[in-house]
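Student: Protein chains in written order, with the numbering used here: chain A, 1 to 154; chain B, 1 to 181; chain C, 1 to 121.
Read the hints as simulated data drawn from the structure, not as lab findings. Glycine is no exception: its CB is placed at the ideal position from the N, C-alpha and C atoms. Check each hint, because a few of them may be wrong.
Partial list, computed: chain A residues near chain B (C-beta under 10 Å) [what the hints assert, rightly or not]:
(1) A39
(2) D73
(3) L75
(4) G92
(5) T116
(6) N121
(7) L132
(8) V141
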Amino acid sequence: MNGMTVIVKTISSWVKVLIIVFGVYIVLFGHLTPGGGFAGGVILASSYVLLMLAFGRRFVEDNLPLSLASKLDCLGAFLFMIIALLGFAYGGAFFANFLYRHYLPGDRFALISAGTIPLSNMAIGLKVGASLFLVILTLSVFRPSSDEPGGRGV
Amino acid sequence: MSVFYVLLLLILIASLIAIETRDLLSSVICIGAVGFGASLMFLFLRAPDIAITQIVVEVLGLIILIRATISRDLTFISGDREFFGLVVSVVIILVVFLAGMEVLAGLGRFGMPVMARVPDAASAAYIEGGLEKTGAANVVAAVILDYRAYDTLGEATVLFTSIIGATVILRKEAKEALSEA
Amino acid sequence: MAYALCFLLFVIGLYCVVVKKNMVKIVIGIMVMEYAVNIFLIMIGYRAGGRAPIAAADDVLAGGGLSDLFVRSCVDPLPQALVLTAIVISLGSLALMISICIRTYERYGTFDITEIRRLKG
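Only chain A is shown next, with the shape it has when bound in the complex (with noise of 0.2 Å):
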């Protein structure tokens, strides 16, 4: 897959910290204001998809190549499952809140609190966001028998 001209390349370097920002602070402040984990990861992923579109596969899998991103996929999963389990042996209950009854109440409104919800959005933001960068890596890779050289750009 090759990638684009030189206009689309600057400015998708510049464009794409703006969408990471974007992302860390909907999963963030998911528990305060609309958003949460799925979107927030569906974000972190789209600006993944950005570059490669922009520069070519070839550019963002040196960067970030297909086993870590299947790695950072299941260590989501695996941090999801260790709060889950954590609530089960301090809270007395399988995905209790354990962080919010007992040990650190946070203020209202602000950004630590309500216990372990930060935690698991930011679990699901990253499980969410490795996968779906996944699947459509594969799917680029995968490249049809009757292409012409040159490439379309997708």
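With chain A's structure known, arrange chains B and C on it following the hints.
Tutor: Chains B and C in isolation, oriented as in the chain A frame:
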């Protein structure tokens, strides 16, 4: 409330065009219009979480669809199936539609949710206890990650499995393309 | 009446899945059905003149609970929780269906399902 009818009409027209047109690129673009209209519907139905998620998922879905269809040289479609099967299918679908209208008449009026009619509904308990018991100002986040976290675990499992399935199905050609390139 | 339009959208998607011959059109029909179901679920939970279920600083009483006005004027958050996961799952299943379509095209050379039934590969 008339904005809902206008948006639903736009969504219906776009979906009819997406289904009936012969060019695959036009179909995919009309599906993008349907998804965008759905996101606007969610915004007017007071669901901002869902509107954000719908629009970003729509963009990624369009990229996946275009990747599958446009880089093939077969972008035009031949006609439908034979006439008798078409008529039988349309008749059965019409019967399904009429039966569904009977069922929908038993639902409440649009604009009156369950928790307004039934005093001890679950949603009322979630809203009342949301800030005190979980500490999250966003009640939807409190519901999906504290009250109903099992559903989120199920969703993470389903997403994981479908992504693994897609990767495995495409893997053999991907390995050949990676090893030759 | 609004529910009827939503169900009409679902039936249009069902017609597309049953009648069309091209595999990508069938996938598009499944997507239309998913949009219809998500819109219908959120429409069930709508309260006329309601507000989004996100608490602001002036909805909190002195004791820590939420004010009665907020509870009585909020839309239903439970269908929104269901639809949030359903939207992301529909993206995963779209990826799976499209990967099946791509492999079938590479194997048989066509997207037409009547051709695929004839060729026994």
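Student: Need the list of violated hint numbers for this structure, in ascending order.
Tutor: 3, 4
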